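Peer 1: Sequence:
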Amino acid sequence: MEAVEVFRGHVREDRLFGPLPGVRDGGAVAYEFELPDRFEPWPGRTRLERVFVLIDVGVSFSIPCWVRDGTVTRDPAERESWYVDLVTVEPGRGRYAFRDLYVDLIVPTDGRHHRLLDLDEYAGAILDGTLTAVQAADGLCRWQQFLDRHLHTGRWPSGSWADFPPAVIRALSELPAPLAPPVRLRD
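Start counting the sequence shown at 2; every next residue gets the next number (this note's numbering).
None of these hints come from the bench; they were simulated from the model.
Careful: at least some of the hints might be erroneous.
[Said to hold, decoys possible] Per label pair, the in silico range of CB-to-CB distance:
#1 Pro-182 - Arg-156: 39 to 49 angstroms
#2 Trp-157 - Arg-96: 37 to 47 angstroms
#3 Asp-111 - Ala-163: 11 to 21 angstroms
#4 Asp-111 - Thr-72: 23 to 33 angstroms
#5 Asp-149 - Gly-112: 20 to 30 angstroms
#6 Ala-181 - Gly-160: 32 to 42 angstroms
#7 Arg-187 - Gln-146: 24 to 34 angstroms
Since the structure is predicted, the reported quantities are computational estimates derived from the model, not experimental observations.
Here a beta-carbon is modelled for each residue, glycine too, at the ideal position from N, C-alpha and C.
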């Protein structure tokens with residue numbers, strides 16, 4: 002394992018949030034940040050959010066720590082659901098920048114079906130030129146690799162995920178929190 006700095010943002014943003022404390026273990030990175038006070042954590046949790054990234058497919062995921070953000074109240078069934086994002090991965094010397102690429106997936110752990118979100122935003126980014134055809138195709142290919150490796154075991158749906166949450170994050174998920182003094186997300 003090695004300590005790394007992480008920056009995060011959206012593909013449309015020039016400025017990135019960070020540096021955030023992170024740790025790389027093989028093909029995965031874990032990083033953390035603290036949510037602002039308007040986020041109410043689930044009972045027994047804090048506002049510290051730990052995010053995992055699979056570097057090779059450019060997918061990040063976490064179990065959101067909050068139940069309410071001031072305007073949205075999440076359903077109790079979402080308490081243990083994973084939120085997955087397609088991201089870009091920009092490696093550097095001892096650091097990574099991750100940018101959100103619209104496509105999201107909610108993966109419940111209670112047997113409910115997963116929910117794919119924001120393909121319309123991805124299409125809009127292609128049409129308005131935010132994403133080039135090459136970037137869009139790369140993102141779709143990486144997303145399919147993630148689905149095939151970690152959620153689906155074959156062409157037809159099965160009763161369990163292939164490797165989700167991915168085994169490669171096990172050691173990172175067992176690290177004590179916080180990884181370093183928390184950095185608070187700007188409101």
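Peer 1: Okay, Asp-149 versus Gly-112 on CB: inside 20 to 30 angstroms?
Peer 2: 21 angstroms, holds
Peer 1: If I claimed the Cβ atoms of Ala-181 and Gly-160 lie 32 to 42 angstroms apart, would that claim hold in this structure?
Peer 2: 40 angstroms, holds
Peer 1: Take a look at whether the Cβ-Cβ distance between Trp-157 and Arg-96 falls inside 37 to 47 angstroms.
Peer 2: 41 angstroms, holds
Peer 1: Are Asp-111 and Thr-72 spaced within 23 to 33 angstroms by their CB atoms?
Peer 2: Since the Cβ atoms of Asp-111 and Thr-72 sit about 25 angstroms apart, the hinted range of 23 to 33 angstroms holds.
Peer 1: Do the Cβ positions of Arg-187 and Gln-146 conform to the proposed distance bound of 24 to 34 angstroms?
Peer 2: 33 angstroms, holds
Peer 1: Is 39 to 49 angstroms respected by the C-beta to C-beta distance linking Pro-182 and Arg-156?
Peer 2: 47 angstroms, holds
Peer 1: The hint says 11 to 21 angstroms between Asp-111 and Ala-163; measuring C-beta to C-beta, is that right?
Peer 2: 18 angstroms, holds
The structure is consistent with each of the numbered hints, conforming to all of them.
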